[in-house]
Amino acid sequence: VIRRAIGRRIARPWALALALLGPASALAQGAAPSPHDVAALGQAYETSYRQLRGFATAALLAELSDTAEDALIAGSHVRPTSLRDLVRHFENQAHADLRPRLCGRGEALAARGLKDAALASVGAASRDVNVRFSPAHSGRLAALLVRVVESAGPTRFCASDSLRDLGR
Amino acid sequence: MAVTHRRGLLRLASLLLLVALPSVAAAQGQGDGAALHAALVRMDVLDDYLVDLTRAVIGDLVRVSRRWTSVQINGRYDPGGINVYLIDAGKLPAGRPLADFGLSNPEGNATALETARIVVVDTAFLKALVATATLMAARSLDTTQAVATVRAQGLDAFADLWDPARNPALLSAGPTQKWRLLYTGALAFVLGHELGHIALGPREAAPRAQPRPFTGRDRDTYRACPSLIDPAHRARQSVEAEADTIAAELLGALPGQLTPQQPRRFVYELGAQWYFVYSMAQGLLSTLFVTESRFIHAYVKASLGPALYDAVLLTGRREDVGSVHVFFPFGHPPDYRRAAQSVGRLRSSPYSYFYGEPHPAEQQMLEQVRERACVEVAADRSSR
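So the protein lines, in turn, are chains A and B. In terms of my numbering, the first sequence is numbered consecutively and its last residue is 472. In terms of my numbering, the second sequence is numbered consecutively and its last residue is 391.
Treat the hints loosely; a few may be bogus.
Unchecked claim - Now the in silico label distances, taken between C-beta atoms and shown as ranges:
no.	chain 1	residue 1	chain 2	residue 2	range
1	A	ALA421	B	ARG325	34 to 40 Å
2	A	GLN347	B	ALA242	50 to 56 Å
3	B	ARG70	A	SER338	26 to 32 Å
4	A	GLN347	B	VAL48	44 to 50 Å
5	A	HIS340	B	ALA101	48 to 54 Å
6	B	PRO100	A	PRO339	47 to 53 Å
If you're looking for bench data, these hints aren't it; they were derived computationally from the structure. Idealized CB from N, CA, C, for every residue including glycine.
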């Protein structure tokens, strides 16, 4: 009988583990959770939630645009840990694809100390790219990339020290 | 004078109608309630699963609501209180046996009959919550992996976890034990949401717009842009959002004003948050069956591991209709938005463990992506 009972418990290892886990904890007695418990569970929630929200965004992009899907796979962002990572990825791509067109003239003006003209030039180039970019890329992705550039600001987006200095 | 007199009569008649209508609706609801209970008994679907836990949770919610005074579970219909029916929806006859009562089958979830103050919960949903939460603790899995494991092997394979007769720890563990607080808090949010519907009362949704000639992936894409497909859509979703708000308010009021460090807040606040993670994990797996997107399959495979990914794929039939509708359903606002609003409301209480934590900017980025996509979709549509 005992052997059968033990066998049954072993056949249900999770139930056994949970039965052992349960009463031992201070929390199990209904005590207030420690700050450590709160922080650990709160952090676990945040991490999971961000990953799933990042996935929802990436999936939406992938479904809307073949180009976005290619970019997501090529950029090793198969597991974006957060939406911010994803946007950073697009930002990097925007750097590579758009920077010469967006920043060239602005940097030249910035080097001459013409701050307002430099910023206006980058802004104008951004709007121009917004229109002209579509044929080469999916229109939706291009619009998104340019929006990322615009939200980041030209002084952050352009690599030139002279232009970045204007933003400080 | 005659005109004034006639106006007075009309006003009186209107007043009488306004007074009479709610009681007519209530009487109708009571009739429906008794009939629904009789039908559930006749179909032999009532399932006394974790009744005490459910009673404790909904009892807490009802107490702080100050709207209702009593709760009964799986018993004779009580026209004066909240009635909860826990049913095994898998045993319902084929078709829509609850349609006569204005209810869709609550398969894998819960639903409310507002006029009769009835909440119907599918116990398979509750068992899946319990199995997933305990599996996370027992095997150190994250939520997505645990949800996938339950889906791949089927709920019956985990009866050792969800059946109190086989897992006595379900009844003996303390309320703030991690795995127990997850399913308790998740259940509380779901019940709070249904109580929210009851508090709001029945809302007649505006008639749907004429069906538009969207087919295939177009139809899927437009799901992210509700206002483009159905003007009534936004109204329907706003009712759901209001029900979420009431749920969050009830949960936020539970611990009381004088004892901010109660374990109870810990249970309800974190458990409610976990419910959305659970629901989004279910969505993530559902995408596998409706899209051939290389990215989505690669992501899920990396999240689950190849063996679990393959096992999940074996549980359903695959088609390529697009996965946008998984994240942007008709019935509810998207989970990420529900989570942000409800969790944000819970955290706005000064007694929240996470009070004052900033609202993540990433949420706004996702909305920006969606809105941008919808602008493109609208432009594309108008150019056709």
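Hints, one by one, checked against the model:
no. : hint                               : result
1   : ALA421(A) to ARG325(B): 34 to 40 Å : violated (56 Å)
2   : GLN347(A) to ALA242(B): 50 to 56 Å : violated (37 Å)
3   : ARG70(B) to SER338(A): 26 to 32 Å  : holds (28 Å)
4   : GLN347(A) to VAL48(B): 44 to 50 Å  : holds (46 Å)
5   : HIS340(A) to ALA101(B): 48 to 54 Å : holds (51 Å)
6   : PRO100(B) to PRO339(A): 47 to 53 Å : holds (52 Å)
In summary, the structure is inconsistent with hints 1 and 2 from the numbered list given earlier, while agreeing with the others.
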